[in-house]
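Please build the complex by placing chain F on the supplied structure of chain S, with the hints as guidance.
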Amino acid sequence: MYLDVIITLLKIAIVFGFVLNVAAILSWAERKQSAVMQDRIGANRADVLGFRIFGLFHPIADTIKMLTKEDWVPPAGDAFVHTLAPFLALFTALVVFAVIPFGDTLHIAGRDIPLQIADLNVGILFIVAFGGLGFYSVVLAGWSSENKYSLLGSIRAAAQLISYELALGLSIVGIVMAYGSIELDDIARGQGQYVLGVIPYWGIVAQPLGFILFFTAAMAETKRVPFDLPESESEIIGYFTEYSGMKFGAFWMGEFIEVISVAGVVTALYFGGWQIPFLSNQGVFIPGLFTIPLPHLLVVLLQVSAFGLKVLFFCWFMLLVRWTLPRFRYDQLMAFGWKFMVPLALVNIAVTGLIKYVF
Amino acid sequence: MKIVGHNLTTKESFYFFEIAKGLWITSRHFIYNMYFHIAHLLGKYPEVPAAVTIQYPEEKIPLSRRWRGRHRINARPDGSPRCVACMLCETVCPVQCIHIVAGEHPDPAIEKYPVSFEIDVTRCCWCGMCEEACPVDALYMDTGKNPEPGFSREDLLYRKEQLVKEMPLPGCQRSLNAPGQGPMEANPLGL
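Chains as they are written, first to last, in the numbering used here: chain S, 1 to 359; chain F, 360 to 550.
Chain S extracted, bound-state conformation (with noise of 0.2 Å):
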């Protein structure tokens, strides 16, 4: 009983450290990336006793920055919703990761540990309740703020939540199907099949039309470029116009965080969770030759690391569409929203359940 409750306890800081750490060094990659992609350096000039190790003290100057400035709340708005915002921000940001699968099951000491915080049997539609909860923050914050800009924002965040949280859904409906299954875990491990013997069964493979359109879809729920209408910081500024310090802070890492969230859902759905082609639990086999045992404890470490792997490529991923696209028009972005992605989601359903029906 109390092992299971330790053992819990340290799957979320495993888990929870990788995704703090990773989301601060993302403040710090989103800048050198940029910078490289558009043949610049990139923030280097932070340094401690002249060592600078590429402009990672940035991040640490900057949240040192964030702890130490005044925490302002508009004397018009309302306080406590005010504070209560960032809150909700960080926590719908963090809370996606407890379904997320991160391993297969292992098999230690006589016990089965499924390497997943909690697994939920409404997996998929946690993550997406707690995708459309996210929005509450943004609302709430551009709401409490009492001021015209951060109200547009949110009311501009509304409006893309409710645009896009229905093409996201409807896409995910097509992984449901592919696997018979809406637990994360039962998809990761439907994922390890194999198609004519040879391709990996993975998401993409299943549903390439639906990861477009859930991958479009999830980063217009991370509220970044081309899709940052509720922030839009060159005409509106957005919902967090009027927030400083550490909670103006706890916003901006909300959403590192939401790029790594989505990421991994990327990962789980669509990119074969923790699975690696051709490694299966007896070890590395070529379909139908020969297979080469391998321990257990590796395997698995093996899947953890493609797990992280796969997530820190689409963060990578993520920052290069944000540097490379310009933001949507807001009616372009409701167009695109309902007259592109909701009709294609729904073909994209229709033609699934056909191709189940016939095979």
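Everything labelled a hint here was simulated from the structure, so no lab data went into it.
Heads up, a few of these hints could be off.
[Stated by the list, open to error] Calculated lysine-lysine pairs in the BS3-like style (CA-CA distance at most 27 Å, straight line):
1) Lys-519/F - Lys-504/F
2) Lys-380/F - Lys-339/S
3) Lys-524/F - Lys-419/F
4) Lys-471/F - Lys-519/F
5) Lys-339/S - Lys-370/F
6) Lys-339/S - Lys-361/F
7) Lys-148/S - Lys-69/S
[To be verified] Cβ pair distances, simulated, as ranges:
8) Glu-70/S - Glu-418/F: 35 to 41 Å
9) Gly-509/F - Gly-17/S: 46 to 52 Å
10) Phe-510/F - Glu-70/S: 24 to 30 Å
11) Arg-329/S - Val-411/F: 29 to 35 Å
12) Tyr-394/F - Asn-281/S: 35 to 41 Å
A virtual CB, placed ideally from N, CA and C, is assigned to each residue, including glycine.
What follows is chain F alone, placed relative to chain S:
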């Protein structure tokens, strides 16, 4: 109001292919630059730049040979300024930043010397006309230095005692009209 726009073609209206094209361009830059950044860390290909950035205080762009920097006054062999207080620079200065007080020089061949010679760099517009006007080869802007920031206006008032001590930057070209100069040489930057 006339809205000038570009109607998207069918292929463009899918966004997907255009986005893929854009992502290819940016990721190509990323991979190319990242390859050379890592190569530089390993000491390889130092001649291929991985970024166009010039890390300013550590690296500087080579100045044009005709670049006009801080002023200096040429000295006679005895160390006194060559200036004869003819007031040509003060007269030609479009922003009136030069102030000369003339005095009588004991040597009758020289006649005048500047009792005080001040250049107010807060006003100077770096046009170089003073340099060209100088008939006695005294005033130059070839030190290759930027004006330094100061804490008071007094710090930005350059006096003759200071100007005489400045040295020309080797390779810096003097004004075209300055005496003793040959024809203009080719500029290393091609400017």
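These are the hints, each one checked on the structure:
{"no.": "1", "hint": "Lys-519/F - Lys-504/F", "result": "17 Å, holds"}
{"no.": "2", "hint": "Lys-380/F - Lys-339/S", "result": "23 Å, holds"}
{"no.": "3", "hint": "Lys-524/F - Lys-419/F", "result": "24 Å, holds"}
{"no.": "4", "hint": "Lys-471/F - Lys-519/F", "result": "15 Å, holds"}
{"no.": "5", "hint": "Lys-339/S - Lys-370/F", "result": "16 Å, holds"}
{"no.": "6", "hint": "Lys-339/S - Lys-361/F", "result": "26 Å, holds"}
{"no.": "7", "hint": "Lys-148/S - Lys-69/S", "result": "24 Å, holds"}
{"no.": "8", "hint": "Glu-70/S - Glu-418/F: 35 to 41 Å", "result": "38 Å, holds"}
{"no.": "9", "hint": "Gly-509/F - Gly-17/S: 46 to 52 Å", "result": "51 Å, holds"}
{"no.": "10", "hint": "Phe-510/F - Glu-70/S: 24 to 30 Å", "result": "29 Å, holds"}
{"no.": "11", "hint": "Arg-329/S - Val-411/F: 29 to 35 Å", "result": "31 Å, holds"}
{"no.": "12", "hint": "Tyr-394/F - Asn-281/S: 35 to 41 Å", "result": "37 Å, holds"}
Taken one by one, the earlier hints all hold for this structure without exception.
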